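Just so you know, the protein sequences line up as chains L and P, in that order.
First residue of the first sequence? That's 1 in this note's numbering, and the numbers climb one at a time after it.
First residue of the second sequence? That's 1 in this note's numbering, and the numbers climb one at a time after it.
It should be emphasised that the hints constitute simulated quantities derived from the structure, not laboratory data.
None of the values given here were measured: they were computed from a predicted structure.
Any given hint could be a false lead.
[What the hints assert, rightly or not] Ranges between beta-carbon positions, derived for each pair: (1) L:82 x P:204: 22 to 28 Å; (2) P:121 x L:57: 50 to 56 Å; (3) L:112 x P:222: 23 to 29 Å; (4) L:73 x P:107: 46 to 52 Å; (5) P:112 x L:112: 54 to 60 Å.
[What the hints assert, rightly or not] Straight-line distance between alpha carbons at most 20 Å, and here's what the computed PhoX-like set of lysine-lysine pairs gives: (6) P:68 x L:57; (7) P:160 x L:25; (8) L:92 x L:57.
[Stated by the list, open to error] What the simulated footprint calls covered on chain P by chain L, stretch by stretch (three residues with Cβ under 8 Å from a Cβ of chain L suffice, anywhere in the stretch; the number is not a length): (9) 62-70; (10) 195-207.
All residues carry an ideal CB built from backbone N, CA and C; glycine is no exception.
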Amino acid sequence: MPRKKGVPYVRDALKERHAFSITRKAYDGFKRLAASLGVPMSAVLEAVGRGELFVSKNPQTFEELIATWDLEELASDAFIPYERLLAIVRDKEQPNTDELIGLAASLQMEPLGLRNLIKRRNGNGEPQPNGH
Amino acid sequence: MANLNPTDTEFFLSRCEREFDPQSGEMILQARNVAHALGLRRCGREVAQWSISRGYTRTLVRWPGDNKTYVFEPWMAQEESPHSNLRFKTMLDSTQPRIATPSLFIGIMRLTPSLTPVLDYMLSNPEKKIALTRIQDNAQLILTEAAAQAMKSDGETAVKRRTDDFWLGEDLEKLQQMYRDYGEVESGFEITYTATLDKPKHDPTAAWGVWTAHYIMKKDNFGLVYRQGELIDLKEISRPLVVA
């Protein structure tokens, strides 16, 4: 396909400009999702639209589940200290029941489903030592 | 080791409106505010045990001003209680700046020898958030620098505080009940309450928090009773809808 001046060419097609409105919250979340995938936002949209990337209501991993969240915002929403949330997300510590209930409410999940997702991340379904 | 007092769970449960859904077998509790919902969340294992003992499939907790739901499922009854392993305490301590020179802020009071162990404890543990409050007028009279920091105040201001000006009224009532029930218990008792951090409760700009503290009653040589309070956990929250 011939390259049009000023319009980037992607694989088998030319890019076009399309406008749509989303909230700031959705935009920020989408930006974080793209960053977590290591690609530009337009590439995520392109991949979703082409059926190469699937958006699921049932995330398969904990990382997928929180990809659109700002962690400070999530900590505040779930009433968990930010440092503690970092330990759960980055150091793979197991949340206790209190934290699990709070996180599940914020992430709109069943606590058991969330617990299993987190346990699966840690491998063998076994909880990690909490480090304290 | 500070275990949650069972009456804390009972207190929060007793303050909820209850609605049983016979189709799903779920109990839906309407907490008075977010602080009560957080109180129940903290007692997750006990709430799950309560739910099982009444034959509910699970218990849901909701509160005004938010569309979130805290879900308590039967498996939680087997989980380790978060406050039984002092995780909160360790977490709280680990995030504190070290205080190089132990010092105390002291208000106007008559100090008698029987209170010197309290002073020793405070000076030996400057990173702990400890305050001594006189029961008869709720006047906070001695506190560590770390306690003042938790209240987002300077020590000179914090030492003039009166509990009544900062706590929600219903929690003050709960405290009175705890005095009656556990005032004589040597190991003291634990209480979760909602109060402002930095300014009196009627100030709309005040920061709010759900506090959990361990209290031990102390008597001076004149027979005046004080409570020695040590902060275990503090979660900042938005201002409650109703402040009384």
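Now the hints, each set against the structure:
1. For residue 82 (chain L) and residue 204 (chain P), the hinted distance range of 22 to 28 Å is satisfied, since their beta carbons lie about 26 Å from each other.
2. Range check, residue 121 (chain P) to residue 57 (chain L): about 53 Å between beta-carbon atoms, so the 50 to 56 Å window is met.
3. Against the hinted window of 23 to 29 Å, the Cβ-Cβ separation of residue 112 (chain L) and residue 222 (chain P) comes to about 56 Å, which falls outside the hint.
4. About 39 Å separates the C-beta atoms of residue 73 (chain L) and residue 107 (chain P), a value inconsistent with the hinted range of 46 to 52 Å.
5. Checked against the hint of 54 to 60 Å, the C-beta distance between residue 112 (chain P) and residue 112 (chain L) comes to roughly 55 Å, which is consistent with it.
6. The hinted pair formed by residue 68 (chain P) and residue 57 (chain L) meets the criterion: a straight-line CA distance of about 18 Å does not exceed 20 Å.
7. Pair hint residue 160 (chain P) plus residue 25 (chain L) does not hold up; C-alpha atoms about 43 Å apart against a cutoff of 20 Å.
8. For a cut-off of 20 Å, the pair hint linking residue 92 (chain L) to residue 57 (chain L) is broken: about 23 Å separates their Cα positions.
9. Given a C-beta distance limit of less than 8 Å, the hint that chain L covers the stretch 62-70 of chain P holds, as 3 residues qualify and 3 suffice.
10. Figure legend: the stretch 195-207 of chain P, annotated as covered by chain L; annotation inconsistent (0 residues with Cβ-Cβ distances under 8 Å, at least 3 required).
In this structure, the hints that do not hold are numbers 3, 4, 7, 8 and 10, in rising order.
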